[in-house]
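One-letter residues, chain by chain:
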Amino acid sequence: MAASSLASRAVASLSPSISTGASRDDAGSSSVVGFHKRSSAFTGRRVRISSGHGSSAAHGRRSCVVAATAAPVKESPPKIADALVTREEGLELYEDMILGRCFEDMCAQMYYRSKMFGFVHLYNGQEAVSTGFVKALKKDDYICSTYRDHVHALSKGVPARQVMSELFGKATGCCRGQGGSMHMFSKEHRLLGGFAFIGEGIPVATGAAFNTKYSREVLKDLSVDAVTLAFFGDGTCNNGQFFECLNMAALWKLPIVYVVENNLWAIGMDHFRATSVPEIWKKGEAFGMPGVHVDGMDVLKVREVAKEAIARARRGDGPTLVECETYRYRGHSLADPDELRKPEQKNKYAVRDPIAAFKKYLLENGLASEADLKAIEKKIDEIVEDAVEFADASPLPPRSQLLENVFADPRGFGIGPDGKYRCEDPAFTAGTAEV
Amino acid sequence: MAAAGAALAPIIENRLLLPPNAGRIRCSSSARGALVVRGAALSEESRKNRSSALKAVAVKGEAPNLTTAKSGHEILLFDALREGLEEEMARDPTVCVIGEDVGHYGGSYKVTKGLAEKFGDLRVLDTPICENSFTGMGIGAAMTGLRTVVEGMNMGFLLLAYNQISNNAGMLHYTSGGQFKIPIVIRGPGGVGKQLGAEHSQRLESYFQSVPGLQMVACSTPYNAKGLMKAAIRSDNPVILYEHVLLYNLKERIPDEEYVLCLEEAELVRPGKDVTILTYSRMRHFVLQAAKTLVERGYDPEIIDIRSLKPFDLFTIGNSIKKTHKVLIVEECMRTGGIGASLRAAIVDNFWDFLDGRPECLSSQDVPTPYAATLEDATVVQPAQIVVKVEQMCQGLV
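These protein sequences, in sequence, are chains A and B.
Residue numbers for the first sequence follow our numbering, beginning at 1 and rising by one.
Residue numbers for the second sequence follow our numbering, beginning at 1001 and rising by one.
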């Protein structure tokens, strides 16, 4: 599809998303469940979980399912062609978004129960971007994220158990407990990280895309057609690495899509206070690539743009810059008091909850029944509960793990006074050697 | 000198460096009844230990020495680097070069001359001027299967890539729980040149040495330049290879047949008994120059080019100190926080009992390198200073 049609789609998608009239009762940082029974569509519920621990604190964890919708809006939203998504696809998307939301809510609970520590950045509200993009990828495609990476990892296929264990700092975590919340990696699922400094993942993603081009043109392996997605936020779009990589990717027509999750805030810095030209999508053109704006609260719109951008990259036509207008329902991290964002803004986006919106879409278009969706929610509940139990039961990393992954080749620790490589010293396998 | 020494030391034309048989000044070393150590830097035994336990990239004794080599060929250092790089690129199609002016321009110091014509523009990639991003791109490519060689046109420019070098090259293997390796080589010219001004005269080894997960080596001769280049490319670890702006035109005869040096080993340049001089890069040549004078005056310094700036080869270094009981470090880093500072600490930690006095260190002054020639000369260590220091040490005056 030519670049111009992507651009015209961008204009079209500036129109308001489906309004569902849904509301969420979310009192800031506490558990998300709403117990409104204003409609028959869905009710929140408590789920009693029996765990082996026996303490009452372990029971009665609130379900993390999404709040109820309110009464339907009076005017009917524009009908979207049924061909946009099949029932299977629809259920897959829904499940992925529910997984993301549920998991993140559980993270908040676990954090406040001192099961995970440090800086934890939750993705609530942005699920349509991760689901919309990552579910349009093939298994061999790469993704690269930031510190707000739990849901990207889950969407890409990293098991919830491994992500939760990593957050608990256990040896069974996807990074053996050595990375933590901000450093999710998975070689198997082609997740290239997990980066704490904004912008530093973008060149890494660009390198993976370079590898695809190299494999095809130098190694002559045409079976390699992996596309790379780089996810990052609005704050990053003022950073040098962003611009440097847009330039190189366009120059060499790298198979990459730069996905901006513009949630309007970089911790406490309002996007409009930080950015001279706040329309990030416009910056694509400055580097010779299409710049697209999409409603990031609408998973179908995101998916449509994603498929086009990914196809464009895979064809060899080069990169695309996609700005997803989205919002995070929680603070920047669990340590952020989130005092600067005004209630009006929060409410404006609360009614555009991507999960509630998509649920409504599925029901209205006959793609799924209430029972189907409830079954999914229950399934996800169980997956997330299981992940917590698995993480709880997993061992902490032993001391012996301390030195194992500093070098891929442990000869890098050097030669000791006795003439042997230091890694041959038994204290190395015990983790007690001084390096 | 053991066979190992002959194998590893490049042939130096000037034979004055070998100790004269007579007129040696006896140093006042205390009779410690210290361990008898072999003169050679590496024993047969330790070499076997290492080879049997791990498949080494190369072991010193196995590198061809010039007595058994066919005839060898004379080469300038920049060309030796290029030869090593070209051989590795021919051998492994995943090896590629990324940097400014490495392709069509052939490299600002001609290290990549002719490679783009031979291997193509994608394998020898001319980048825009964005060190942090193209270094990160090299890292992403390495994580996903390529073996990238990133050139900093001047090592100083890599200060802009510190984010990527520290967080992603050094630490990513660890934070990913060992899932991704980063077989990247980051190389370029550094050190104090001839009136290049402060910013082009930096010693990045000081700054990067603390980053965990990095290996750092410094070449100083065509022989070790080629061998270290090849070893660095073959290593699965991220390796920084430090070249020196003023050494690119050094000429030497190197073997025709292929050889790869060991990244973690130091090089015994000149065996001796009176004092251990540890040095690297350009200062090696200043030390050798000072050694001529010292030998004439009857001293017998043992000179070791440490080559591996991180990690230190504690075996070679330790064996020497156990023999001489005196150590002098001659470096180009600044006094504060340089390789010398770390090396002194390592020596004190490991070999305290074998020292007659404190480990001495001659470093550059903590001054931004001035443009004016007289001032520039005053900031770096000069051979005359080395002579004075060694004499003082051997006479027990320090």
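To be clear, the hints were calculated from the coordinates, so they are not data collected in a lab.
Bear in mind that the values here come from a model prediction, so they are computed numbers and not experimental data.
Quick reminder that beta carbons are idealized off the backbone N, C-alpha and C, glycines included.
Careful, some of the hints might be misleading.
[As the list claims (entries may be wrong)] Taking lysine-lysine pairs in the DSSO-like style, the calculated list, with each CA pair at most 27 Å apart, reads: (1) Lys213(A) with Lys1118(B); (2) Lys1113(B) with Lys253(A); (3) Lys139(A) with Lys342(A); (4) Lys213(A) with Lys1113(B).
[Said to hold, decoys possible] Stretch-level coverage of chain A by chain B, calculated; a stretch enters the list once three of its residues show a Cβ under 8 Å from a Cβ in chain B: (5) 366-374; (6) 397-410.
Check your understanding: Taking 27 Å as the top limit, are the C-alpha atoms of lysine 213(A) and lysine 1118(B) close enough?
Key -> Distance ~19 Å between lysine 213(A) and lysine 1118(B) Cα, so the pair holds.
Review point. Taking only the CA atoms, is the gap from lysine 139(A) to lysine 342(A) under or equal to 27 Å?
Key: violated (40 Å)
Practice item. Check, residue by residue, whether the region 397-410 of chain A contains three or more positions whose beta-carbon lies closer than 8 Å to a beta-carbon of chain B, and give the verdict. Key: Check passed, 6 qualifying residues.
Review point. Is the Cα-Cα distance between lysine 213(A) and lysine 1113(B) 27 Å or less?
Key: Roughly 24 Å between the alpha carbons, so the hint for lysine 213(A) and lysine 1113(B) holds.
Practice item. Apply the coverage criterion to the region 366-374 of chain A and chain B: a residue qualifies when its Cβ sits closer than 8 Å to a Cβ of the chain, and three qualifying residues are needed. Key: violated (count 0)
Practice item. Please work out if lysine 1113(B) and lysine 253(A) have their alpha carbons no farther apart than 27 Å. Key: Judged against 27 Å, a Cα distance of about 26 Å means the pair holds.
In summary, the numbered hints that this structure violates are 3 and 5.
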